[in-house]
Amino acid sequence: MTTPTIESPKAPVRTHRSRFNLEAFGWVFMRASGIVLVVLIFGHLFVNLMIGEGVKALDFAFVGGKFSDPFWMVWDTLLLWLALIHGANGMRTVINDYAHNRLVGVILKGFILVATIVLLVLGTLVIYTFDPCPAGSPADLLPSFCGTVG
Amino acid sequence: MPDKSAGSAVASQPEKKYPLPRLAKPKALAGTVYRGNVGMWSWVLHRITGVSIFFFLLVHILDSTLLRVSPEAYNAVIGTYKNPLMGLGEVVLVAAIGLHALNGLRVILVDFWAWGTKHQKLLQWIGLVLWIILLIGFVPRHLMNVFAE
Ligand code: HEM
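The listed protein sequences correspond, in order, to chains A and B. Counting in the working numbering, the first sequence runs without a single skipped number right up to 156 at its last residue. Counting in the working numbering, the second sequence runs without a single skipped number right up to 141 at its last residue.
Since the hints were derived computationally from the structure, they do not count as laboratory data. The model shown is predicted, which means the values in this text are computed figures rather than measured ones. Ideal placement from N, C-alpha and C gives every residue a C-beta, glycine not left out. Honestly, I wouldn't trust all of these hints.
Said to hold, decoys possible - Restricting the straight-line Cα-Cα distance to at most 27 Å, the calculated cross-link-like pairs of lysine-lysine (DSS-like) are: (1) A:K62 <-> B:K113; (2) B:K74 <-> A:K72; (3) A:K72 <-> A:K62.
Unchecked claim - Here are some chain B residues pointing at chain A (derived, C-beta under 8 Å): (4) T41; (5) G42; (6) D55; (7) L97; (8) A140.
Said to hold, decoys possible - Ranges of calculated distance between the beta carbons of each label pair, as one might list FRET restraints: (9) B:E64 <-> A:V112: 39 to 45 Å; (10) B:T109 <-> A:V120: 37 to 43 Å; (11) B:W35 <-> A:G111: 18 to 24 Å; (12) A:T83 <-> B:V36: 29 to 35 Å.
With these hints in hand, go ahead and build the complete structure from the sequences.
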């Protein structure tokens, strides 16, 4: 006959599941991304709105000049990803606070998630497949380095 | 008096006839983070600006995708950013981002720094002053650009 094993009644109950807590990670992420975004956003605003003629100078040629420089490509990629994810995670918090109906909450958060993923992909593609000198476009709309050929 | 027993009659009583007791604000908690006062309005504004900036960001990424369509398409849409009404909209946008950013930094300081937690009200006023300085730096220059021919 085998003796049945009885667990020690004093054995600690396992309440600790995993070290990684997504909600806590989100909390840290909001703060870390916020600090980086201060630099990225105000740099973006300063260069696009304050230097030279500001908003009046914005056009295809202006952006074409910026996206021919790896520095601004990396800057804008970071800005795109951090701002979108920070904003989307913030929207998740807001929806959690106000959507008392579970289904409504799931639908709204699904919408935010889909919009975020689509725009991350679209935005990243724009930065890395951008052609500052598309063939057949009038030269006066293009950055000056495109020359008159094409 | 039967009415004094809790429940049924309470909801229908006119407020003026039976004014609610005025509760004194607990002294020990006054001025603590997230318990009303200025902190509550900072939170409300932080939330409103955060949501608004998010929706602007969605539109702003979409208008940038026109860079892949054609110079003409992009210029046509970015051109709308230059009309006077949108120029004022950009002032509101920068004001909102400034408010959200400065308040966000305040929240971070209060969360991670004991001194910040203790002096969170002072931080709020510092934030307000920095916000005004930001707008003094931005608004006149931007409006000059918008309204310049
Ligand atoms: C400029 C730099 C920014 C800083 C320093 C910043 C800071 C913060 C911080 C610290 C929080 C968390 C607040 C909390 O947990 O109580 C937060 C929340 C939020 N942020 Fe930002 N943020 C910035 C930019 C942005 C941008 C660009 C967007 C939009 C795309 C945005 C949208 C939001 C939203 C929607 C929330 C949630 C608000 C809430 O829960 O009430 N933020 N921000």
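Structure-based check of each hint:
{"no.": "1", "hint": "A:K62 <-> B:K113", "in the structure": "39 Å, violated"}
{"no.": "2", "hint": "B:K74 <-> A:K72", "in the structure": "19 Å, holds"}
{"no.": "3", "hint": "A:K72 <-> A:K62", "in the structure": "16 Å, holds"}
{"no.": "4", "hint": "T41", "in the structure": "10 Å, violated"}
{"no.": "5", "hint": "G42", "in the structure": "5 Å, holds"}
{"no.": "6", "hint": "D55", "in the structure": "11 Å, violated"}
{"no.": "7", "hint": "L97", "in the structure": "7 Å, holds"}
{"no.": "8", "hint": "A140", "in the structure": "7 Å, holds"}
{"no.": "9", "hint": "B:E64 <-> A:V112: 39 to 45 Å", "in the structure": "41 Å, holds"}
{"no.": "10", "hint": "B:T109 <-> A:V120: 37 to 43 Å", "in the structure": "38 Å, holds"}
{"no.": "11", "hint": "B:W35 <-> A:G111: 18 to 24 Å", "in the structure": "21 Å, holds"}
{"no.": "12", "hint": "A:T83 <-> B:V36: 29 to 35 Å", "in the structure": "32 Å, holds"}
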